[in-house]
Each structure stands twice: as C-alpha cells, then as structure tokens.
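Novice: One letter stands for each residue in the lines below.
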Amino acid sequence: MDALFYTLVGIDLNWSSLPQQLVNGLVVGSIYALIALGYTMVYGVLRLINFAHGEVFMLGAYTALLSSWVMGFSPDAIRKFYESEAAKKLADPSYVERSIPADPFNLVIMILLAMAVCAVIGAVIEFFAYRPMRNQSRTAALITAIGVSLLLQYAGSLFLPASPPPSVAMEVNPYQTNVSVTLVPAPKEIRDKFDDSVSALEAAKESGADAETIGDLERKKNDLEGQVAATATAITMTQGKIVMLLTVLVLMAALRFLVLKTPAGRSMRAASHDFDSASLMGINVNRVVTFTFMLGSALAGAGAMMLVTFEGTSMQPFFGMAPGVKAFVAAVLGGIGNIPGAVLGGILMGLAETLVTWLGFSNYKDAVAFVILFIVLMFRPGGLLGSSKVEKV
Amino acid sequence: MNLGKFFAVRGFSVAVAILGCLALDYAAQTYLQDYIVRLVFLAGIYITLAVSLNLINGITGQFSIGHAAFYMVGAYTGGTLTKFFYDASPLGAVAWLIAMILAGAALAGVAGLLVGLPSLRLRGDYLAIVTLGFGEIIRIIVINQPELGGSSGLGFAPKVQGLWLVWLLAVICVAVCRNLLKTSHGLAFLAVREDEVAAQAMGINLTKTKVTAFVIGAAFAGAAGALLAMNEGYINPDLFKMDVSFLILTMVVLGGAGSITGSVLAALTLFAIPELPRLLKIDVSLAYLIGLTAGAIGFVSLLRHHQQRYHGPKAKGRMITVATVVGVPLAGLGLGWLLHTFTYLSDQTYELNNLRYVILAVTLIVVMLLRPEGVMGHHEFSWKWVQKVLTGRKPVAEESIS
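First to last, the sequence lines map onto chains V and S.
Residue numbering for the first sequence follows the numbering used here, beginning at 31 and increasing consecutively.
Residue numbering for the second sequence follows the numbering used here, beginning at 450 and increasing consecutively.
Because the hints were derived from the structure by calculation, they are not lab data.
Careful, some of the hints might be misleading.
In the DSS-like style, the derived pairs of lysine-lysine whose C-alpha atoms are separated by at most 30 Å in a straight line are [what the hints assert, rightly or not]:
hint, chain 1, residue 1, chain 2, residue 2
1, S, Lys608, S, Lys532
2, S, Lys690, V, Lys395
3, S, Lys657, S, Lys631
4, V, Lys395, S, Lys608
5, V, Lys251, V, Lys235
6, S, Lys532, S, Lys690
From a predicted model like this one, the values you see are computed outputs, not experimental measurements.
Using the sequences and the hints given, assemble the complete structure.
Specialist: So, in structure tokens, the structure goes:
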C-alpha cells in the first residue's frame, strides 16, 4: 500500500510518526471542540452565527496573558514586555518585584479569570448588539455579528499589545517536561548498532584514544541515536498537553451535566427546541440567551488560555479569526445546534489537519477543513449528527 | 434570458453609456491627479462587485458571503493569461483587455456554477459557510501554486487602465440587474427570495433560477477582477481575503439588500476603505472618511424621520431632517479635520489605519441597529421618491419592487 501511495502521489509515508500525529490532532481538535461548543449552543438557541466568537477567544488569550503579567513571572519576560510600546502605558515597576515561581494554582487563577472575563464580554456583546436584532431578519443579525467581530479586532489592535512575546504566558506553565511512550521500539539491528557504538565510545574513552577518534565515535553514536528515535513508534508530548486534554474532558463533562441535569440546562434545551413556545411556558428566554452566551464564551476563554499557556501560540489582535472560522466549520460538520456534534466535529477537524500534515500537504492544512465540510454537506446537509428538517409551508 | 433584447430596445441608452464612459475617462485622465483617477477606477470596480453580489444575496435571497472568490478567479485569469500569452497574441492592448474581461467573466461564471449547484441542497447559513470556504480554498490553492506566483504575487505586463471599460461594466451591471427585474426571469428571482416552496409550486424552476443568479453575479465579479488585474499589473492573494468579501457584503446590506440603488450608494461610500493606508498622506482623507460615515448615519436618521413624520407635526419633522442632513456631515468633517490635525502633530498615523476599520464597524453596527433593512430597504431611486422626500407629501401610490 505504501508503494502504491508512493507511485500515485510521490510521497513516502512515515508510518512510525502516525500515532504521534494522531495525538497532536486530538489536542488541537479538543481546542476546536471547545470553541465550536460556543458556536453551536448560540446557534441552537438563537439561530445566529456568532461571528464575534473568534474575537472572544482572542480576548480570552489576552486576559490569560495579562493576568500572567500581573501575577508577575520571569523578570526577563517582563523586561521584554516593558520594552514593548503598549506596555509603557500600563507600566508599574512594582510588578517586577513580585516574581512568583510557576505553580499549578496560578494556572487555575488564570483559567478562571479568562473564563470569567470572556463570559462577561459574551454577555455584554449579546446585550448591546444581538438583543436589539432578535426580531429582525437573520441577515441583519449576521451583519451585526460581522460588525462586532471587526470592531473587536481593530479596536483590539489599537489598545492591545500587537505581538507580545509568547513565552510570557509559557513561563507560568510548570508542566513543560516531555512524557514519552514507546509503542513499537526501533528495529533490533539498529538498536544493536547503537549499543555497539555506545560501548565502542566508552572503550575508546577508557583506553585514552586521541580526540579525533572519540569525536568520530561520538558523531556516529549521535547519528545512530537519531535513527533509533526516527524508526521507533513513540508518542512524545509535554505534560501540559495531557493537562489540557484532561481539562477539556472535565469541562465537557461539566457542560453535559449542566445541560442535561440542571434547571438552567433544561430551559436552554427548551429554548433551543422552540424559542417562542419556551417563552410561553414561562421560561425567561432573555436569561437563557445570556446564560448561553456566557457559557459558550467561558469555554472559548478556557480554550484560549490553555492554547497560549501550554502550546505557546503567539497572539495578535487578529488571531481569533482563523480558529474561529475552523471551529465554526467544525460545528457545522457535526450538525450545528448539536452539542455532541460540535465535539465530534472539532476532534475530526483537528485529526484531519494533522493527517494532511502527515501526508505531506501541510500547505493545504487550512483548506482541508472546508473540503471535508463540502463532502459531508453534499451527503448529509444537516451535518454528521444533525437532522436536516424538511421546510414546510 | 434574452440579453440582446435589452440592448436592441435601448440602443440609444447604450450609445449614451459608452460615450459617457469615454468622456469620463478622458476627463479623468486630463484633469485629475493619479490617485484620484485610481479612486474613480476603484469606485467603478466596487459598484460592479456590490451590485453583482446584490443579485445573488438581495434579489435571489441566496446567502453568499464569499464574493471575493469570483473576483479573485477573474483577476488571476486575466493575470495568468496576460503573463503567458500576451506576447504571442496579435491583439492590441485594449482589445486584449476586453478579451481578458470576457475570459475572467467566463471562468468566474464557471466557478459560480460550481458554487451555485450546492445551493440547491443547502439553505441559509450552510450555504454561507460553503461560499466562504470556497473563497478560502481558492486562495490557498493559488498560494501553493508557484506558477501563479504563490503568496508573493503575480506580476505581468502590460498594464492597461481602461477606466472607461470599468465604468461601462458598472453601468452594464446595473442595467442588467435593473432590467432583469422587469422580466419574468427577474420576477422568478424575487419569488425564490420570498418563498422557495411557493415559487416552486407556481412552476418556477428553482435549479435554473438559483444557478443563473450565481453565474451572472460571479461573471460580473470576474470581469471586475480581470479589470483590476490589468490595471495594477500585479496581484497577490492578500487582495482577495475574507475581509474583501465582508466589505462587499457590507455594501450590499448597508445599502439595503435587494435595492440596486442602495448597493451603488454604499459602494460609492465605502470603496476607498482598503485604499486609505496609501491615501493617509493626503490631508483630507480622514476628514473625508469621518464626514462620509457621519453622512451615512445622517442619511439613516433622515430616513427614520421620514418614516416617523406621519405621526408628528410636519414642519418640525422637516426642520430636524434638514438639520440632520446638513449638520451631521459638517460636524463629521469638522471632527475629522480636528482629529487629523491632532494626529498629524502627534505622528500616530499607524494607529489611524486601524481606526478606519473601527469607524466602519461602528457605522455598520449603528446602521443595523437603527435600520436593519439597510439604508434604502427594498426601495429604488426614482424622481417621485426625491420629490416625496423633499416636499414631505404623502405618496399617491407606493412604487417599490417588493
């Protein structure tokens, strides 16, 4: 099959790196899923594409960054921050004194702050921009959403630091060591060669050979070490990514509990099933809508915080657009309005992106989301888990 | 539809249009500075883009938010063909330009067909995201083709300006859309917008109608793209990002989806936005920008007063109207001048580049909140309407399309 693929596309598949790529895809996909949940819940209740959701995500990332600054980490990073133009406005020398070592407790504070700030921003956007549009046409509401998105992007570019050093948020992260699991070890002959080279090197050192031979042997050893690493099937990831996956799982479980088992979740489901009837049944739909926006925005904030802290993604005021659009595609892929669908869509999206990278088409990574979307929508216009309703007169 | 019939009946109008465009070209080249000629050129391009998107979005009611894709297809068709085949062709520069417009329109029309076909199965938001995705896919494909210049862009010679062709294209686009609405085909478009199921029950072929709208709209955008490419002599994928699609969509919706007049007015107001970084050195540009946005808001409030006037004393209403129309743009110009002086002194032009989009976004939100159906709603320009606004008389019979 490898040979067939090689003759067809001209790419040599590296099977031993596949598990690693799948795990990477899972990590990226879980963040897409978190953002997609916000899109899908808002769409479920209001039938509105909240284009500003990507910008809420961006603001969450900045909140995490600013809170890490305020809590004061890494004098070096802080000096870099103070050298930037925007930071001079916020300058307060006392921050430099308060250097706190990286501590999981600070991460908890950061993620809670990001979630809280995003929730408030989501509620404010809903109140000022979307609530007055609720009885207008859906096109008008969508244009307002695009307007809010543009406003947040460009107002952000006026007030927020344009490209703060990504390392600043990383400084907070105590989980930077790599964890490695070897699934299939390297072929025996390569490992034997490696062991031989190690023992030959030690023997040469003991016998007091000249520097040149030792250098040669060392180079050979390093070369073979690289070969062992390349041929072994292993998964390597930072502890941070494991923490990230676990947090996503906890958040999703909490969301599921909230939606299925609490009165607030029940009114949300009712409003999403039939908005008008829900309000006739005595449900305060305004409160439900605000709640939905806060919930979705808080999830986006959590995702943003984890992305900048554990992945070290660099941020700028326009960086919410790309993950926002991809997460929206993920929500549509799973069937928009459907909560398990958003999770499924997000993870599929992450896996598809890393698989395309694995196949060697990393340039087309951003297009694959849409290609999959086209194919799925051709056969299931309602998305994977959604139901496409027949419109009645 | 019978395009020939439009022009056979209106031979005189066609002659006037062509002569008018030639005169505009001559006057612009003779009397105006280069950057203003460029603005006149772009105004024509954006009128074409906005009106052609209006045919898909406003008139047929299909929700397309990826219009820059068709624009891009046209531009790259023109650019690539010129780069590889111009030297071998016997055509002169202008004839080649016309050929490129037709080629760009044809290829963009094919792209429109590709996007139009899924619109048979997809409704509303799903269609929107598919059109958006189509634009992104085209852009990513172009970025990854070294033959097309990749992300660094495609340069070619010769540059042909063809200002008169741009405005002729805009006039043709407006005329085709306007005249189409008077035929049974055009009424079919409107029927599809209002209610697909009912339209189908009345014997309208949904497939044909939707795909026709997409193909015509895309073809005009492609022609505009080819003209842009030939004018610049250099194109790159960044010129056709999602922002451009959103700008065109904003024009359509601000002007009033379904109103051709509205699209033209909005295009004339907003077309300079992407050009402002280059123009910021010119003293009046910011004042112009703020004055125009204030003017747009003033225009909206004028229409609000016009609507509400029947409920209150007429004289007072008219006073407010006049005060708004005169006062708001003047105040805007003054504010713009002040801001410009201030920022000129403090040398912060780099922040102004982004400030212009903040102003655009605020205008967009304010207009949507005050008048969600757009400035013109479904109305079209007519002399009766002008008379009505000026005199405040109640109309005898409502003359609007919908």
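Novice: State for each hint whether it applies.
Specialist: Okay, the hints, checked on the actual structure:
1. Restraint check for S/Lys608 and S/Lys532: the C-alpha separation of about 11 Å stays at or below 30 Å, so the hint holds.
2. Distance check on the hinted pair: S/Lys690 and V/Lys395 sit about 17 Å apart at the alpha-carbon level, within 30 Å; holds.
3. A hinted pair counts as satisfied when its Cα atoms are at most 30 Å apart, and S/Lys657 with S/Lys631 qualifies at roughly 18 Å.
4. Restraint check: the Cα-Cα separation between V/Lys395 and S/Lys608 comes to about 35 Å, which exceeds 30 Å; the hinted pair is violated.
5. About 13 Å separates the Cα atoms of V/Lys251 and V/Lys235, which keeps this hinted pair within 30 Å; it holds.
6. Simply put, S/Lys532 and S/Lys690 have alpha-carbon atoms about 23 Å apart, close enough for the 30 Å limit, and the pair holds.
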